[in-house]
Amino acid sequence: MCFTFLYNSKPMDAIFTFKSFQIVFLNSSGSPVDFAPPDVSNDSVVEKVCRVVRQAKEDCTRWTSCCKAADNCCQRQLALGDVTRVTENEAGGGKAEQLACPRTWDGFSCWDDPTAGSMVTKSCPGYIEHSSDSGKWMMGSKA
Numbered sequence: 013m014c015f016t017f018l019y020n021s022k023p024m025d026a027i028f029t030f031k032s033f034q035i036v037f038l039n040s041s042g043s044p045v046d047f048a049p050p051d052v053s054n055d056s057v058v059e060k061v062c063r064v065v066r067q068a069k070e071d072c073t074r075w076t077s078c079c080k081a082a083d084n085c086c087q088r089q090l091a092l093g094d095v096t097r098v099t100e101n102e103a104g105g106g107k108a109e110q111l112a113c114p115r116t117w118d119g120f121s122c123w124d125d126p127t128a129g130s131m132v133t134k135s136c137p138g139y140i141e142h143s144s145d146s147g148k149w150m151m152g153s154k155a
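All residue numbers for the sequence shown refer to my numbering, where the first residue is 13 and numbers rise by one.
I should point out that these hints are in silico values taken from the structure, not numbers from a laboratory. Every residue gets a Cβ at the ideal spot worked out from N, C-alpha and C, and that includes glycine. Hints may be right or wrong, so weigh each one.
[Unchecked claim] Quick list of simulated restraints, FRET-style, between CB atoms: (1) D83 with T133: 20 to 26 Å; (2) E70 with L111: 37 to 43 Å; (3) E70 with N39: 17 to 23 Å; (4) S21 with G138: 15 to 21 Å; (5) C62 with M131: 36 to 42 Å; (6) C62 with F33: 16 to 22 Å; (7) V45 with T133: 38 to 44 Å; (8) K22 with C86: 21 to 27 Å; (9) A48 with P23: 18 to 24 Å; (10) F30 with L92: 23 to 29 Å; (11) G138 with R63: 20 to 26 Å.
All chains should be modelled from the sequences, with the hints used to inform the complete structure.
See below:
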């Protein structure tokens, strides 16, 4: 998912396919020649992906940072277990209801169980491009 969200608008010799959850490497005519799971713990995969990303004049640490953040989010959220909040209905003998939106990784950030009806915000992570007020694109604090 990180590969698609970070490099979707960049022409590259690779694409991510949600159908098989693989990064597909392409030859110069756009035909598939190899594929690999997006596994940042596999040095061979990281080397292949980073080679393609660098050829497109992009920073591969964006991809590895995003993937590691996604994995950390998933592991932490799995460890949290299910969340059920006690409601007035349950306290009065009625059925318990889960009054929280579901936790998720949205491709950029980790979202835990916000209370239903609440608004939560997050700062953009450093691996996401930001637009300044002048419309200039930058990474993190670099212009």
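Outcome of the hint check:
no. : hint                      : result
1   : D83 with T133: 20 to 26 Å : holds, 23 Å
2   : E70 with L111: 37 to 43 Å : holds, 42 Å
3   : E70 with N39: 17 to 23 Å  : holds, 19 Å
4   : S21 with G138: 15 to 21 Å : holds, 19 Å
5   : C62 with M131: 36 to 42 Å : holds, 37 Å
6   : C62 with F33: 16 to 22 Å  : holds, 19 Å
7   : V45 with T133: 38 to 44 Å : holds, 42 Å
8   : K22 with C86: 21 to 27 Å  : holds, 26 Å
9   : A48 with P23: 18 to 24 Å  : holds, 20 Å
10  : F30 with L92: 23 to 29 Å  : holds, 26 Å
11  : G138 with R63: 20 to 26 Å : holds, 22 Å
Consistency note: the structure conflicts with none of the earlier hints.
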